[in-house]
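Q: Model the full assembly from the supplied sequences, consistent with the hints where possible.
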Amino acid sequence: MEMIKAENLSYEYIKVTETEKGTKEEKILALNHVNLSIEQGSFVAVLGHNGSGKSTFAKHINALVRPTEGVLWVNGYDTQNEELIWDIRQSAGMVFQNPDNQLVATVVEEDIAFGPENMGVPSEQIRKRVEDALNAVGMLEYKQHSPAKLSGGQKQRIAIAGVLAMKPKCIVFDEPTAMLDPVGRKDVMNTILQLNKEEGMTIVLITHYMDEAVKAEKVFVIDDGNMVLEGTPKEVFPQVETLKSYGLDVPQVTETAYELKKMGISISQDILTVEEMVGAICQLKSTI
Amino acid sequence: MIRDITIGQYYPVNSPIHNMDARVKLIITFLFILTLFFINTFLGYVFVILCMSAVIKTSKVPLKFMLKGIKGILIIILFTAFINVFMTRGEHILFEWGIFTVTIEGILIAIKMCIRIVLLVVGSSILTLTTTPIQLTDGIEYILRPFKKIGVPAHEIAMMMTIALRFIPTLLDETDKIMKAQQARGADFDSGNLFQRAKSLIPILVPLFISSFRRADELAMAMEARCYHGDENRTRMNVMVLKSSDYKAVVILAIYCIALIILRFLAARFSFIW
Chain A
84 MEMIKAENLS YEYIKVTETE KGTKEEKILA LNHVNLSIEQ GSFVAVLGHN GSGKSTFAKH
144 INALVRPTEG VLWVNGYDTQ NEELIWDIRQ SAGMVFQNPD NQLVATVVEE DIAFGPENMG
204 VPSEQIRKRV EDALNAVGML EYKQHSPAKL SGGQKQRIAI AGVLAMKPKC IVFDEPTAML
264 DPVGRKDVMN TILQLNKEEG MTIVLITHYM DEAVKAEKVF VIDDGNMVLE GTPKEVFPQV
324 ETLKSYGLDV PQVTETAYEL KKMGISISQD ILTVEEMVGA ICQLKSTI
Chain B
62 MIRDITIGQY YPVNSPIHNM DARVKLIITF LFILTLFFIN TFLGYVFVIL CMSAVIKTSK
122 VPLKFMLKGI KGILIIILFT AFINVFMTRG EHILFEWGIF TVTIEGILIA IKMCIRIVLL
182 VVGSSILTLT TTPIQLTDGI EYILRPFKKI GVPAHEIAMM MTIALRFIPT LLDETDKIMK
242 AQQARGADFD SGNLFQRAKS LIPILVPLFI SSFRRADELA MAMEARCYHG DENRTRMNVM
302 VLKSSDYKAV VILAIYCIAL IILRFLAARF SFIW
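Same order as they appear, the protein sequences are chains A and B. Going from the first sequence to our numbering is simple: count from 1 and add 83. Going from the second sequence to our numbering is simple: count from 1 and add 61.
It is possible that part of the hints are untrue.
[Stated by the list, open to error] Here are the simulated lysine-lysine pairs, DSSO-like style, with alpha carbons at most 30 Å apart:
id, chain 1, residue 1, chain 2, residue 2
1, A, K142, A, K88
2, A, K88, A, K104
3, A, K301, A, K345
4, B, K173, A, K232
5, A, K301, A, K250
6, A, K317, A, K88
7, B, K173, B, K118
8, A, K344, A, K211
9, B, K238, A, K226
10, A, K298, A, K327
11, B, K121, A, K232
12, A, K301, A, K211
13, B, K173, B, K241
14, A, K269, A, K226
15, A, K252, A, K280
16, A, K211, B, K129
17, A, K327, A, K345
18, B, K241, A, K232
19, A, K269, B, K121
20, A, K142, A, K345
21, A, K298, A, K269
22, A, K280, A, K226
23, A, K301, A, K344
24, A, K226, B, K173
25, A, K88, A, K344
26, B, K129, A, K232
27, A, K142, A, K211
28, B, K125, A, K232
29, A, K226, B, K304
30, B, K209, B, K173
Hints in this document: simulated from the structure, not taken from any laboratory. Fair warning: this is a prediction, and the values are worked out from it, not measured in the lab.
A: Below is the structure:
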């Protein structure tokens, strides 16, 4: 079943800039007739440089922004329909970039209860949901702590738990690791992967870290509001020149393989991880 | 540097006062403050001080913490005393100097006023020292709920207080960062007179305000993404339930009020000014 399906999805807004001659208005097409579908239980990554429209797309999934043209279905609900807005937000949760700006309460467990409280879940069930959500992100021991005293990665896991407590079917991550240190990034990525593998959660990860995107089952590349590339990481990343033209990097090892090929060494081009690279080089060595 | 500031003054111990329902504590504190303006004899104050000592003893909070609040308002106390001593007219004049006359009545009123202010501050300190900020906001929300019909936004007030509490440490952190960044570029916050110092704070406030607005915008979006839509159909994880100890506290308060009324009546009957 499709969790998210976009048909001709477009979003246009008017940007007002102050110039010396007065204000100037220009229409900006943040998303240009995007078509895509995301299967339930899958893990997809959306790539794009800054201002490419990937965050706008993320906000559409949560009905924080509505399409100006086309349709977007989330869990079978049309996001254009005002009455379904709470059902949509309940089935597709969202984790934002800055962990500080999405926690509401002064105690961890109160913050996680915020979502279920808004949904009107009975009090006894909220407590159970909070415990389960904290358990899922491995932060149960911090239940009574103040978020202010936690590290960035821990705060981000609390934010994830806050979304989990709403029991969504899909979670959209809008650059969740952009403000974290390497340890925090690793923790958050592990939590995301675990949610996908163990709980069967549909994950949409918006990112510009390539090493995170290679872990996805499918990769979408957005450039200036257009969906320009889609496919498995093994299909997308070998297109080194194309990706670079969109202002994106490729995983280091993929680029190494590309450069080696250019130098005339026959090496497979769909290498994404260091382990694969090691394997490929060892094979090369044995053939020489 | 400024990271270590604690929010609120909650003193975490386990005592009967700490375990009381925040709503009951709020109402009792409010009534207690009202009764302070009802007492007009020293005997009455002695009675209040005795009752209060008993409450402080049960709360297990050291007296030092209770009296901390007085330090901040020392100037107000002294000013009140000064005004009362010199401005009260009376029969028993002690001495006169220009427009200033000091009378026995004036001194007595000044002493009573000071006791009143001290009791008021200590009384409200008992509330804030034994109740966490979250319990307080929850309590305020519950108490204000009946006034929603006349347009008091009870839930919104409580939500604003919670968010303010949540963001105080975050904004303090940020202030610290901005100050350090500016000090690194040669800003000076520690010298000069009061005006110069106040002026040097403006370059801190401007970026702080801008970032606060940005935070508010992001937070609003994150709250909406988590289905926030005011208090319509909203449930709470922690439901406030009145315990038997809360009822006992209300009974004790009633006895206290009756005792005060009797005291006042007796004082009037025997025209007793002490």
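Q: For every hint, state whether the structure bears it out.
A: Quick rundown of the hints versus the structure:
Between K142(A) and K88(A), the direct Cα distance comes to roughly 14 Å. Compliance with the 30 Å bound is thereby established for this hinted pair. About 43 Å separates the Cα atoms of K88(A) and K104(A), which puts this hinted pair outside 30 Å; it is violated. For the suggested pair K301(A) and K345(A), the alpha carbons sit about 27 Å apart, so the restraint of at most 30 Å is met. Of the supplied pair hints, the one linking K173(B) and K232(A) is violated, its CA atoms being roughly 45 Å apart against a limit of 30 Å.
Under the criterion of a C-alpha separation no larger than 30 Å, the hint pairing K301(A) with K250(A) is consistent with the structure, at around 24 Å. At roughly 23 Å between alpha-carbon atoms, K317(A) and K88(A) fall within 30 Å of each other, so this suggested pair holds. Proposed proximity of K173(B) and K118(B) is supported: the alpha carbons are some 24 Å apart, at most 30 Å. Among the hinted pairs, K344(A) with K211(A) is inconsistent with the structure: their alpha-carbon atoms are about 55 Å apart, more than 30 Å.
Taking the CA atoms of K238(B) and K226(A), the gap is near 28 Å; set against the 30 Å cutoff, the hint holds. Between K298(A) and K327(A) the alpha-carbon distance is near 20 Å, which keeps this suggested pair within the 30 Å criterion. Of the supplied pair hints, the one linking K121(B) and K232(A) holds, its CA atoms being roughly 27 Å apart against a limit of 30 Å. Taking the CA atoms of K301(A) and K211(A), the gap is near 34 Å; set against the 30 Å cutoff, the hint is violated.
Restraint check for K173(B) and K241(B): the C-alpha separation of about 48 Å exceeds 30 Å, so the hint is violated. Distance restraint check for K269(A) and K226(A): the Cα-Cα separation of roughly 22 Å lies within the 30 Å cut-off, and the hinted pair is therefore satisfied. A hinted pair counts as satisfied when its Cα atoms are at most 30 Å apart, and K252(A) with K280(A) qualifies at roughly 13 Å. Taking the CA atoms of K211(A) and K129(B), the gap is near 41 Å; set against the 30 Å cutoff, the hint is violated.
Pair hint K327(A) plus K345(A) holds up; C-alpha atoms about 16 Å apart against a cutoff of 30 Å. Simply put, K241(B) and K232(A) have alpha-carbon atoms about 21 Å apart, close enough for the 30 Å limit, and the pair holds. The suggested pairing of K269(A) with K121(B) is violated, with an alpha-carbon distance near 45 Å, which exceeds 30 Å. For the hint linking K142(A) to K345(A), the alpha-carbon distance of about 40 Å lies beyond 30 Å, and the restraint is violated.
Between K298(A) and K269(A), the direct Cα distance comes to roughly 12 Å. Compliance with the 30 Å bound is thereby established for this hinted pair. Note on K280(A) and K226(A): the hinted pairing holds, with a Cα-Cα distance of about 25 Å set against a maximum of 30 Å. Simply put, K301(A) and K344(A) have alpha-carbon atoms about 25 Å apart, close enough for the 30 Å limit, and the pair holds. Simply put, K226(A) and K173(B) have alpha-carbon atoms about 48 Å apart, too far for the 30 Å limit, and the pair is violated.
Taken as a hint, the K88(A) and K344(A) pair is broken in the structure, with Cα atoms around 38 Å apart against an allowance of 30 Å. For the hint linking K129(B) to K232(A), the alpha-carbon distance of about 26 Å falls within 30 Å, and the restraint holds. Proximity of K142(A) to K211(A) is assessed by CA-CA distance (about 29 Å); at most 30 Å being required, the pair is judged to hold. The hinted pair formed by K125(B) and K232(A) meets the criterion: a straight-line CA distance of about 27 Å does not exceed 30 Å.
A threshold of 30 Å between alpha carbons decides the hint, and for K226(A) with K304(B) the separation of about 25 Å falls inside it, so the pair holds. Distance hint between K209(B) and K173(B) is unfulfilled; the C-alpha atoms sit about 38 Å from each other, more than 30 Å.
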